[in-house]
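K.L.:
Here is what each chain is made of, one letter per residue.
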Amino acid sequence: MSNYELVCGLETHIELSTKTKIFCSCTTEFGGDPNTHCCPVCIGLPGTLPKLNKKVVEYAIMAGLATNCEISPISKMDRKNYVYPDLPKAYQISQYDMPLCKNGYVELSNGRKVRILRIHIEEDAGKLVHQRGSTYVDYNRGGVPLIEIVTEPDIRSIDEAREYLEKLQLIMRFIGISDCKMQEGSLRCDVNISVRPQGTEAFGTRTEIKNMNSFTHMAKAMEYEVNRQIDLVQSGEKVVQETRRYNEEDDCTESMRGKEDAHDYRYFREPDLVTIQVSDEMVARLREKLPEPPHQKQERYMAEYGIPEADAQQLIKYRSISEYFETAIDGVQNPKVVANCMIGQIFSRLEGDSAKESFQVNVTPENLNALVKLLDEGKIKMNLLKATLEKMLDTGKAPKELISEADMGGVDTDALKAACEQAIASNPNAVSDYLSGKEKALKAILGAVMKATRGRADAVEAEKLLITLIQK
Amino acid sequence: MESQIKKLSGLMQSRQISCQELTQNYLDAMERDNKKINAYVNPTAELAMEAAKAVDKKIASGEELSPLAGIPMTLKDNISTKGIETTCCSNILKGYYPIYNATVWEILQQQNAVLLGKTNMDEFAMGSSCETSCFGGALNPHDLSHVAGGSSGGVASAVGGNLAVYGLGSDTGGSIRQPASFCGLVGLKPTYGAVSRYGLIAYASSFDQIGPITATVEDAALVYDAISRYDEKDSTCRGNTGKPASESLNNSIKGKKIGIAKEYFDGIRDDVNDAIQNAIKVYESLGAQIVYFDMPSLKYSLPVYYILACAEASSNLGRYDGIRYGYRTPHYSDRNEMICKTRSEGFGKEVKRRILLGTYVLSAGYYDAYYKKAQNLRGTLVKAFQDAFQKCDVILAPTVPMTAFPLNFTAQDAVETYQTDICTVPVNIAGLPAVSIPCGFDGTGLPIGMQLIGNSFSEPTILNMAHQYESAAGNSVFPRADMGVKL
Numbered sequence: 001m002s003n004y005e006l007v008c009g010l011e012t013h014i015e016l017s018t019k020t021k022i023f024c025s026c027t028t029e030f031g032g033d034p035n036t037h038c039c040p041v042c043i044g045l046p047g048t049l050p051k052l053n054k055k056v057v058e059y060a061i062m063a064g065l066a067t068n069c070e071i072s073p074i075s076k077m078d079r080k081n082y083v084y085p086d087l088p089k090a091y092q093i094s095q096y097d098m099p100l101c102k103n104g105y106v107e108l109s110n111g112r113k114v115r116i117l118r119i120h121i122e123e124d125a126g127k128l129v130h131q132r133g134s135t136y137v138d139y140n141r142g143g144v145p146l147i148e149i150v151t152e153p154d155i156r157s158i159d160e161a162r163e164y165l166e167k168l169q170l171i172m173r174f175i176g177i178s179d180c181k182m183q184e185g186s187l188r189c190d191v192n193i194s195v196r197p198q199g200t201e202a203f204g205t206r207t208e209i210k211n212m213n214s215f216t217h218m219a220k221a222m223e224y225e226v227n228r229q230i231d232l233v234q235s236g237e238k239v240v241q242e243t244r245r246y247n248e249e250d251d252c253t254e255s256m257r258g259k260e261d262a263h264d265y266r267y268f269r270e271p272d273l274v275t276i277q278v279s280d281e282m283v284a285r286l287r288e289k290l291p292e293p294p295h296q297k298q299e300r301y302m303a304e305y306g307i308p309e310a311d312a313q314q315l316i317k318y319r320s321i322s323e324y325f326e327t328a329i330d331g332v333q334n335p336k337v338v339a340n341c342m343i344g345q346i347f348s349r350l351e352g353d354s355a356k357e358s359f360q361v362n363v364t365p366e367n368l369n370a371l372v373k374l375l376d377e378g379k380i381k382m383n384l385l386k387a388t389l390e391k392m393l394d395t396g397k398a399p400k401e402l403i404s405e406a407d408m409g410g411v412d413t414d415a416l417k418a419a420c421e422q423a424i425a426s427n428p429n430a431v432s433d434y435l436s437g438k439e440k441a442l443k444a445i446l447g448a449v450m451k452a453t454r455g456r457a458d459a460v461e462a463e464k465l466l467i468t469l470i471q472k
Numbered sequence: 001m002e003s004q005i006k007k008l009s010g011l012m013q014s015r016q017i018s019c020q021e022l023t024q025n026y027l028d029a030m031e032r033d034n035k036k037i038n039a040y041v042n043p044t045a046e047l048a049m050e051a052a053k054a055v056d057k058k059i060a061s062g063e064e065l066s067p068l069a070g071i072p073m074t075l076k077d078n079i080s081t082k083g084i085e086t087t088c089c090s091n092i093l094k095g096y097y098p099i100y101n102a103t104v105w106e107i108l109q110q111q112n113a114v115l116l117g118k119t120n121m122d123e124f125a126m127g128s129s130c131e132t133s134c135f136g137g138a139l140n141p142h143d144l145s146h147v148a149g150g151s152s153g154g155v156a157s158a159v160g161g162n163l164a165v166y167g168l169g170s171d172t173g174g175s176i177r178q179p180a181s182f183c184g185l186v187g188l189k190p191t192y193g194a195v196s197r198y199g200l201i202a203y204a205s206s207f208d209q210i211g212p213i214t215a216t217v218e219d220a221a222l223v224y225d226a227i228s229r230y231d232e233k234d235s236t237c238r239g240n241t242g243k244p245a246s247e248s249l250n251n252s253i254k255g256k257k258i259g260i261a262k263e264y265f266d267g268i269r270d271d272v273n274d275a276i277q278n279a280i281k282v283y284e285s286l287g288a289q290i291v292y293f294d295m296p297s298l299k300y301s302l303p304v305y306y307i308l309a310c311a312e313a314s315s316n317l318g319r320y321d322g323i324r325y326g327y328r329t330p331h332y333s334d335r336n337e338m339i340c341k342t343r344s345e346g347f348g349k350e351v352k353r354r355i356l357l358g359t360y361v362l363s364a365g366y367y368d369a370y371y372k373k374a375q376n377l378r379g380t381l382v383k384a385f386q387d388a389f390q391k392c393d394v395i396l397a398p399t400v401p402m403t404a405f406p407l408n409f410t411a412q413d414a415v416e417t418y419q420t421d422i423c424t425v426p427v428n429i430a431g432l433p434a435v436s437i438p439c440g441f442d443g444t445g446l447p448i449g450m451q452l453i454g455n456s457f458s459e460p461t462i463l464n465m466a467h468q469y470e471s472a473a474g475n476s477v478f479p480r481a482d483m484g485v486k487l
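Residue numbers (full-length UniProt numbering), protein chains in the order written: chain A, 1 to 472; chain B, 1 to 487.
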């Protein structure tokens, strides 16, 4: 590998999360009984005509703006002709030579830019289902809107490919145009890959690996394919330009079809649809709507709020999380407390990625905000905040419903001293354990103090006081 | 010429005839005469009587109805009708019952039209004689040894044979105007985008347009006014946003400029030329001015049309694979074989020829030489018409260089047959409206037609010009066949 350099470009298909399909008003909802999300248009009955969904154009423009693309003021739809049973018109309506967006880029953490050649809109096909020895066709997915994002061959390592795709996924989720779930097929990726000796300019012959359905598979497929190509080149053989697929079972790539079997799609302009015109006003309006890009957000969280990188990354993983965070920190002295509450306590209540994505929790961001403000005002201490947050997560109640006026304002020094002395007196075993070097024993005594003060005491202060009193 | 639609509508409104009686007259005539001319491939007698009954009820209750209410009519068999078999006269679509209505049929149903049945056509509208129909061709009601023309031959045969008051056809390269001309009728090909194509089974999407075939110009105007509506289901359709065409029929045409482009007259038969020269004289007598000019780019029309229309057809017809509807071959061992055999057995020869032609001109390596070049020339032709309409209000031209073909004429030489479309295809390329009207007879008594071509959305103008000629020339050029319903 070290003598060779990998050259890679990605073609990524992303299903847009518009409510309706690209050319009709059927739902885009995933699943459903076969052929129940269909109408005469999306099953291509004779005489039907497509009608372009404006939202699809808007979403694609947002994707373009978020990846630094130029938006074409004029573009058109084309027909891509090929025969397959899941394609009921025998052509896919796509964009060929006038894509909606072009010439953008995504910047990687090492500072390199992966240039985006184009983003175009198109319709998805249906699905073949093999059952009981027969093949059935389900057209529910047919006509679901897709964008295809094509990069220049700017990627130079598997890590870069992975980072690019993760970044793309994050951006698209953030601007709210797709859920980008690889396992459900709402994000799919084809990898174009070749190798060349380090330090040379000319591209080697490339192969295309189709339909990567997870990050892990993509990395494995690339690894295998790079090594295969290097082996070929080193042994004096030629890499054949072809389309390959990744075989999960054997962890290898295998040939699907060669160049000579490549389809001639006979692209031509879709006569049933009119020219797509995008005004400057429309672009400006969509740019306005675009949220702060996730990576800019992450940097801001780190710089402005002093949140560690790992935590900041967690907070921008989904748009819903960052929105929650930004509502909860409103007017708060130290946003880091909010971040800790979310990552420490709230996240532990959410199982799995999809729960984090929807971020449906019992505590509203407004209630978390109110709770942290009580801390800011000195009305409660950190341990009471934590205990209350747990109760809030259990009950969904507001902090004021859970903390009485009496509990607020903490415990004065005399009362704390009294409580500590009481705890030491009633836990002689723990005290002797502590004195004999078992530091953990102090926790039991501290627990008694907290119990006696109903959690109002400042745990740090109480611990200090306990040590002083015991060692006296 | 008195409007048939208005006359019948008046008879029904004044209770001189009920819609059921009228419809029954047509159904009886169809029973008797359709076998002579093969106009209808799928009569819908029961539905027609049901619709007629509903109309009679509405008339009895005093409901205000459109002039089209209760008028017995027909639709070409490529217009989708929910629950009524729609075959495009192709074996591959036999047994196909649409689950939705074409927009034009929706509109006409709202106006209480009475559908007598679906009419014959060249398979998928590909042909000039109706003889590529899988049901055999429709015959010319004026001479049964000649064709009705194509591709909307069944509509022309039915209306010309007095087996329908009017019908809707489709015109991709002349398929309304040519059979109208052959059968002595009025055929209007509207501006591209005036009438919704939703539900019209596509042959060549950027050329196809639905329009009426009628006995008189006023009838054509009334039907055009009814169907030329904006439709959100067809992105290319804006409808007629101007005045109704039927309101300006009686306007004076004094001072109107009629353009004559000499290329339209190259190679036309002498008797056709003579008839048109006579029509020019009629127009002059009505105060119109004749201007002569050249349109050299018209010579590209035929190759441009056949390249682009076939290219679109090859894509449009890809969906007939036997998987979802229509014909499927009974014997096959795998999916590919099933699709191949279904298409080989289901499509006729002319359709296969055009699919192959279209596939070829779009193929890598040939695209630039054919498709792209033809697209560029399409632009040239659009420009040529724009220039011409700087000089005149309408262009007058023959509809077809000859009169109706004898039977089996078109089967002999495809290219020779394509050449007979020379006068009709230019307006489809440019998306313009044109109306064909009768203007005389040949030596054997077959009708001759001429067409008036207008600028985009100038249907009121061309129909006004047509109506003025019709009024001046009168019954001498408008033939009536001796069959069907006698009004």
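Hints may contain errors.
Said to hold, decoys possible - Keeping only pairs whose Cα atoms sit at most 16 Å apart, straight-line, the calculated EDC-like set for lysine to aspartate or glutamate is: (1) Lys297/A to Glu326/A; (2) Lys210/A to Glu281/A; (3) Lys317/A to Glu166/A; (4) Lys372/B to Asp97/A; (5) Lys262/B to Asp274/B; (6) Lys76/A to Glu58/A; (7) Lys54/A to Asp274/B; (8) Lys51/A to Glu232/B; (9) Lys102/A to Asp138/A.
Hint data in this document are derived by calculation from the structure and do not stem from the laboratory.
K.L.:
Could you tell me which of the numbered hints above are not met by this structure, giving the numbers in increasing order?
P.N.:
2, 7, 9
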